[in-house]
Structures are given as structure tokens and as C-alpha cells.
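The listed protein sequences derive, respectively, from chains L and R. Under the numbering used here, the letters of the first sequence match residues 31 to 314, in that order. Under the numbering used here, the letters of the second sequence match residues 11 to 200, in that order.
What the hints contain is simulated information worked out from the structure, not anything from laboratory work. Every value quoted in this text rests on a predicted model; they were computed, and no experiment measured them. Check each hint, because a few of them may be wrong.
As the list claims (entries may be wrong) - Result set (PhoX-like, lysine-lysine): computed pairs, CA atoms no more than 20 Å apart in a straight line: (1) K153(R) - K168(R); (2) K143(L) - K185(L); (3) K161(R) - K233(L); (4) K188(L) - K143(L); (5) K185(L) - K44(R); (6) K124(L) - K143(L).
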Amino acid sequence: MKIGYYPGCSLLGSSREFDESVRALAPALGLELVHVPDWNCCGASSAHVLDHRLALALPARILAQAEAAGLTEILAPCAACYNRLSTARDTLEKDPALAREIEAIIEQPVTGKVRIVNILEVLDRFSDVIPGKITKPFAHKVACYYGCLLVRPPKVLKFDRAEDPRSMDRLMAAAGAAPQEWNFKTECCGAAFSVTRTDLVAKMSGKIVDNAVKHGAEAIVVACPMCQSNLDMRRPEINAHLGADHTIPVLFITQALGLAMGIDANQLGLQRHMVPAVMTPAAV
Amino acid sequence: MSSAHHAPAPGDSLASRLRHELGINLNHCYQCGKCAAGCPVAEDMDNTSCQTLRLLQLERPELDRRVLESEAIWLCLACETCSTRCPQEVEVAKVMDYVREASLALDLAHPRSRDILAFHRAFLDSIRVTGRLYEIGLVADYKLRSRHLMKDVGLAPKMYVRGKLPLLPHFIKGRSGMKRIFQLTLGKKR
Numbered sequence: 031m032k033i034g035y036y037p038g039c040s041l042l043g044s045s046r047e048f049d050e051s052v053r054a055l056a057p058a059l060g061l062e063l064v065h066v067p068d069w070n071c072c073g074a075s076s077a078h079v080l081d082h083r084l085a086l087a088l089p090a091r092i093l094a095q096a097e098a099a100g101l102t103e104i105l106a107p108c109a110a111c112y113n114r115l116s117t118a119r120d121t122l123e124k125d126p127a128l129a130r131e132i133e134a135i136i137e138q139p140v141t142g143k144v145r146i147v148n149i150l151e152v153l154d155r156f157s158d159v160i161p162g163k164i165t166k167p168f169a170h171k172v173a174c175y176y177g178c179l180l181v182r183p184p185k186v187l188k189f190d191r192a193e194d195p196r197s198m199d200r201l202m203a204a205a206g207a208a209p210q211e212w213n214f215k216t217e218c219c220g221a222a223f224s225v226t227r228t229d230l231v232a233k234m235s236g237k238i239v240d241n242a243v244k245h246g247a248e249a250i251v252v253a254c255p256m257c258q259s260n261l262d263m264r265r266p267e268i269n270a271h272l273g274a275d276h277t278i279p280v281l282f283i284t285q286a287l288g289l290a291m292g293i294d295a296n297q298l299g300l301q302r303h304m305v306p307a308v309m310t311p312a313a314v
Numbered sequence: 011m012s013s014a015h016h017a018p019a020p021g022d023s024l025a026s027r028l029r030h031e032l033g034i035n036l037n038h039c040y041q042c043g044k045c046a047a048g049c050p051v052a053e054d055m056d057n058t059s060c061q062t063l064r065l066l067q068l069e070r071p072e073l074d075r076r077v078l079e080s081e082a083i084w085l086c087l088a089c090e091t092c093s094t095r096c097p098q099e100v101e102v103a104k105v106m107d108y109v110r111e112a113s114l115a116l117d118l119a120h121p122r123s124r125d126i127l128a129f130h131r132a133f134l135d136s137i138r139v140t141g142r143l144y145e146i147g148l149v150a151d152y153k154l155r156s157r158h159l160m161k162d163v164g165l166a167p168k169m170y171v172r173g174k175l176p177l178l179p180h181f182i183k184g185r186s187g188m189k190r191i192f193q194l195t196l197g198k199k200r
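So here's chain L without its partners, still in its complex pose (with noise of 0.2 Å):
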């Protein structure tokens, strides 16, 4: 099965680990990932702050792209760049007007007909393949974190349940994994502020960090660069904050699913994390 790839810049650099499971993932499971023709930034969590017109051209260049190159779906594994190339998409589909403005801006047309799909989202097709290529279940109890940008605005990403979403938890079941309930599974973790309001960011990813823990959780697994980063880079601030030594590794879905099926744990990029994420085997 072949799909349009978008990785976006933050998997080229501070979370190539995410662009790297995926691609090993990607074969295991039949997977052919197609490059989306020479793509730019979308502009994530910055262009919308200063610019409607920009927060639409830049992910309608990455659409116009993908369209010329034929493609009919997109997968983009980083939550954000899911979030903004959706949210562009539909707005541009629901104002005709504003699209063809933006279609001059970008000098290309935009139809529409590309679908932005998330790793969850392409992950659950193979939810009859998987169990059967468990060969070292990720016997852990884990906290699926999903963050903001995966589930809302529910009218538009129109994926999983906004308060409560389950697919992660579903894949990472059928890895082997013990999804516990918690608290914070969509709550914010502080996002952009990484570098400019940190002491917001330890703040908010700290009760995310420490209620997983205090449900007993082993491993947080996430599927946004920007949850990841927080969770795992701003541990030391976390930390700090509250007062605590907070151990609980941060993985990907695509790494926590990749050593399950028994993917090699360096090509799936978990020497790259700040908190060690060397599973050892868990008493089930």
C-alpha cells in the first residue's frame, strides 16, 4: 500500500527518532511511504500567531504539491503538522473565495482532494496484521498521551473521541501493553513555549508527567514531536518544578510498536532520548 509522506521539520531534527521508527515500521507492515515533492514547513505553531493569510499558504503549498505529484493522502506523523495541513484544508474548502486567493499567493491550485491522515489513523488499518507480528509484546503499563493536535478541533480532524480517545490505546494493547486509565491523556503539555516560557511548559507537562506516574504507567507513549520533546528534553525542568525524580521514559507509538515487533531498538531511534527509554522486561 503506497501513501504520501509528509515528515515535516521537526523529523529531520530534534525528532528524527519518529521519521526514523516510521520508516522502519513502514516495510514490516507493507508499507510505501512516497515523499510529498519538494515540501516546505507548514508553519505550525508560529504562522498562525501572526498571520491567517500565511497559516493557509504555507500548508496549501504542501497540498498543491502532493496534488501534482498525484497523491490522494497524506500521512503526517507529527501532530502538528497534521493539525495545521487539516485545519488549512478545510477552510480553504469552505470558503471558495479565500481558496483562490490563496491559490494566487501560492501560484498553484489547490483542489482539495488530498486527505491528511495521522500515524494512529494509518496504524489502525493494520489492526488485523499486527497482533500477529508481535514477537516481543511490550508488556508495560503504559500511558497513551495524545495531546492536543491529534483530536481537536473535533469538526475538523473528525478522528478518534475529542475527551477520551482510544486508538493508541487499542494499538498498544494489541502490542502487548497495559494502557492505564488516567487523567491527562489530551491535556496540553505546554507546546511551543519549549524555548520561551519554560517554566509554563515544566508547569503544564509536569502534571502530565506525574499523573502517569501516579496511575502506575511505565512508559508515557505519544505521538507528537512537541509532546515527546516536552515530556522527555524539559524532564530536568520538570522535574524540578515538582519537586520530584521522575524516571518514566517517553516513547513514540512507532517505537513502542516497532520493539514489539521485534524491530532492532537503534534503528528505531531510542539511544536519541534524553530520559533513557531502555525497556527492561516487565512482570506481567
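Based on these hints, arrange chain R on the given structure of chain L.
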């Protein structure tokens, strides 16, 4: 839809502009407080989201100005919890985007939002030039703009040894197109 960045004429309240330009009717808000109750940064805000909506509802220039000058609009993370939970389907997060843009256009951004703005400007400058975000460039540019030169100096080497900080930017082929996009959008305001 006309631009958000022209100065409001007398009587041209933010609420009426939101109604005409984005089809958002703030009168639908009956101040239940659900948006602020779910807002993860409410406790750090000078006006909570529902207070912001209330100020805008009254359509008075001095109250519009209080919104445009507030720090709250810059602390909003666009996590969309407010929009998702609003029983009246008011798109609060879109209102926040709109008032931020208006605040910038009138040069009313709160002094404490300086660092947040510096970050967003550095972010967008990075992609304007190369087409993709260059993280080292972003952080360097942010440090210069914000003058927080020593911030996170310990983090970069840790990221580098883990292969998370590529030293060179990615240049896309369509850079002239990217430049054009910026000129025709953000460019008008620079």
C-alpha cells in the same frame, strides 16, 4: 475577507469585524465559563478566555483595547480545548488568533509577550529563507532577538550527540515561491 491589520474605524469593533470577516458571533457566548475552566493557562492569564469574550461582546473601543493590550492573548497556546468544549460553538481559539493579529497591527502587544513574539518571528524567518525550519538557526535568531543568550546552553550539546541538531539547514527548491508567499502575506506588516 478583508485583512485584520488595518486600524479599526470608530464603531468598527473587533466583535463586528469577527462577525463579518470570520462569521464568528460573540453574542452566542453566555459566559458559562467552560472555556476558561478547561484552559490549561487560565491561571497565568490577566484575562481568562471568557473574560476576553465578555470584553469584546460589549463592543466598546476602550474594552477592545484592553483585549489587544492583554498578555493573555499571547499566552494562549491554541490547544483548542476552549473551542472544542464551548456549548455554543464559539470558536474561541480563532478569536485569539484574530485579536493577536490585530494587536500586532496596532503595535499594542503586551511587553511581556516580547520573547514569545521573538520566537515566532525567528521561526518564520527561518522558513522564509530556506523553506524548512532550521532549528539551530531558530534558536540562535531567538537568542539574539530576546537577548537570552545563555538560555538552554546545556541542552544543545546533549541534542547534538543524539543526532537531534543537524548543523546545516535544508534548502527546498521552491525558495522563490516561499519568498513570494511571505511577501504577499506577512510581508505587508514588516
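Hints, one by one, checked against the model:
no., hint, result
1, K153(R) - K168(R), "18 Å, holds"
2, K143(L) - K185(L), "18 Å, holds"
3, K161(R) - K233(L), "18 Å, holds"
4, K188(L) - K143(L), "16 Å, holds"
5, K185(L) - K44(R), "18 Å, holds"
6, K124(L) - K143(L), "13 Å, holds"
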